[in-house]
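Trainee: Sequence:
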Amino acid sequence: MNARAPKGTADMLSGVAQAWEHLQRTAQELFARYGYEPVYTPLFEHTEVFTRGIGEATDIVLKEMYTFEDKGGRSITLRPEGTASVVRAALEHNLTANGTQAKLYYAGPMFRYERPQKGRMRQFWQIGIELLGAAEPTADAEVISVLWRYFEALGIPPASMRLLLNSMGDDACRPAYRGKVAAFIRDRSGGLCEECGRRADANPLRAFDCKNPACVGVMAEAPLLRDELCGACAAHHSAVKERLAGLGIPFVEDPRLVRGLDYYTRTVFEIQVEAGLGSQNAIGGGGRYDRLMQEYGGPATPGLGFALGFERTLLAMQAAGVAVPAPPRAEVYVARVEGSPDGTVFAIAQALRDAGVAAEMDHQGRSLKAQFKQADRLGARFVVIAGPGELEVGEVTLRDMGTKEETRVPMDGVASAVDTALGGRSRTLHA
RNA sequence: GUGGGUGUAGCUCAGUUGGUUAGAGCGUCGGACUGUGGCUCCGAAGGUCGCGGGUUCGAGUCCCGUCAUCCACCCCA
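So the first sequence is numbered by my numbering: it starts at 2 and just counts up by one.
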């Protein structure tokens, strides 16, 4: 058989897996302070959830979805992002009935069929929050600040982050602007790449995203939505900026920031980092999607959120030299000696664990010396030497690996002795 | 989907103009007067040289194919 993980997927072994849990713990703790509650939606949905939500003309829907027919003949798609599912769930369970506000967060794998490269996987992890039912600009500022604070909490230097901000307008002003850009593209199509020429019809705004130098040059002269926002959108946008400035969160207005999902209205934002991501640069982003719920047939419900990528966040942390805290694999190592009754050694280790101490012992019949090496490698602060001599008189030797001090303690008092030595921080699980 | 790079021990890599039993460092395991760690020293295990085919007296080393991987384009987290 082919003992290899599929293309674009990766096994997360101890080092990475621990970082993963650190990212999740940090998120849970921070998001809870803002009142967000966890939600777990299915990893797959009816395909329509994504085609309608994300937009038929987006790259995600056009060429990146893992879509298949299940045995019941339904078209199923592995989620390529989180917002569509959460909004679908909120609608299904009426979480925003009568204008109720819902604050949700999720974390888990997303799937997109793309060629993998640095910072891009076919299965990748995102954490995101969604704030539903909130139309005020303070909501935008809150969501953006959660994202910013999260990266700060992880230790990514604020100076290395760049927050980009833009407004996509709404139904009152975007259609007219969109028409203007389409006209502009048709007019100047000679100077644009083939792809952008085609964009005029389906998705003209995406031409702003093109990295082709010629296109960048031409699009630099294209009309900007910033200058065409309706009064309500302009007021909203400037209020968001005011709130952010009030928090001291630095942002850069980028009138050409266009995000790849069709559902955005008004505020869109992205946090970029310069080092570590290869040719990618965004570690998180999001925006407002006031029409999404209606798109699914629900009541008009404003909403917004962000998503951030685990892989990219980790790359950014590594580039910034941030270390991920890793707990010691053992605080105490219980060593057995030739002639020690296995059952007794085993019981001592168990007693320590029951008392809340991380304890490890040998299961391979290795020499005492090897056990000490192992204890050292695991980061154990103490080694309990359970030799026949000690056990005979109901005692055990407790060695402090730092000071090399050894004391004899009663066998049934090991847990409390260690607990005291560790500063009494363990909790007793079994009275 | 397109382009380029790379595929040699668990990991990072070296392998000269193709020539006999494929190497190093790290890691792992064992040992240094036999119940004790982190340093040092000694030793050991571990490799279908991605896979298939071809050229050759002979290929890890050249050619073709294939797969995988990395990076980039597209686009995004």
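Hint data in this document are derived by calculation from the structure and do not stem from the laboratory. Bear in mind that the values here come from a model prediction, so they are computed numbers and not experimental data. Backbone N, C-alpha and C define an ideal beta-carbon position, used for all residues, glycine too. Watch out, some of these pointers could steer you wrong.
Stated by the list, open to error - In silico lysine-lysine, DSSO-like type, Cα no more than 27 Å apart, as pairs:
| hint | residue 1 | residue 2 |
| --- | --- | --- |
| 1 | K212 | K181 |
| 2 | K405 | K370 |
| 3 | K72 | K8 |
| 4 | K119 | K181 |
| 5 | K64 | K8 |
| 6 | K374 | K405 |
| 7 | K119 | K8 |
| 8 | K212 | K64 |
Claimed, not checked - Label pairs and their computed distance ranges (CB to CB):
| hint | residue 1 | residue 2 | range |
| --- | --- | --- | --- |
| 9 | K8 | A301 | 35 to 45 Å |
| 10 | A173 | E243 | 13 to 23 Å |
| 11 | E49 | G180 | 38 to 48 Å |
| 12 | E38 | A301 | 16 to 26 Å |
| 13 | E38 | R187 | 46 to 56 Å |
| 14 | T68 | D401 | 58 to 68 Å |
| 15 | P256 | R5 | 41 to 51 Å |
| 16 | P117 | P389 | 55 to 65 Å |
| 17 | L225 | E196 | 37 to 47 Å |
| 18 | Q29 | R5 | 31 to 41 Å |
| 19 | Q118 | A177 | 31 to 41 Å |
Trainee: Each of the hints needs a verdict: does it hold here or not?
Mentor: Structure-based check of all given hints:
1. Restraint check for K212 and K181: satisfied, since their Cα atoms lie roughly 21 Å apart, inside the 27 Å limit.
2. The hinted pair formed by K405 and K370 meets the criterion: a straight-line CA distance of about 15 Å does not exceed 27 Å.
3. Proximity of K72 to K8 is assessed by CA-CA distance (about 25 Å); at most 27 Å being required, the pair is judged to hold.
4. This hinted pair does not check out: K119 and K181 have alpha carbons roughly 36 Å apart, beyond 27 Å.
5. Among the hinted pairs, K64 with K8 is consistent with the structure: their alpha-carbon atoms are about 17 Å apart, no more than 27 Å.
6. With a C-alpha separation of about 14 Å, the suggested pairing of K374 with K405 holds against the 27 Å cut-off.
7. The hinted pair formed by K119 and K8 meets the criterion: a straight-line CA distance of about 13 Å does not exceed 27 Å.
8. For the proposed pair K212 and K64, the alpha carbon gap of about 19 Å is at most 27 Å, so the pair holds.
9. Remark: the range hint 35 to 45 Å for K8 to A301 is upheld by a beta-carbon distance near 42 Å.
10. For A173 paired with E243, a C-beta distance near 22 Å keeps the hint of 13 to 23 Å intact.
11. Remark: the range hint 38 to 48 Å for E49 to G180 is contradicted by a beta-carbon distance near 28 Å.
12. A beta carbon spacing of about 23 Å between E38 and A301 agrees with the range 16 to 26 Å that was offered as a hint.
13. Between E38 and R187 the beta carbon distance is about 47 Å. The supplied range of 46 to 56 Å therefore holds.
14. The hinted window of 58 to 68 Å between T68 and D401 holds, with their beta carbons roughly 60 Å apart.
15. Our hint of 41 to 51 Å for P256 and R5 holds, since their Cβ atoms are close to 45 Å apart.
16. Separation of P117 from P389 is about 56 Å and conforms to the stated range, judged on CB atoms against 55 to 65 Å.
17. The hinted window of 37 to 47 Å between L225 and E196 is violated, with their beta carbons roughly 21 Å apart.
18. For the pair Q29 and R5, the beta carbons lie near 33 Å from each other, so the given range of 31 to 41 Å is met.
19. For the pair Q118 and A177, the supplied restraint of 31 to 41 Å holds, since their beta-carbon distance comes to about 38 Å.
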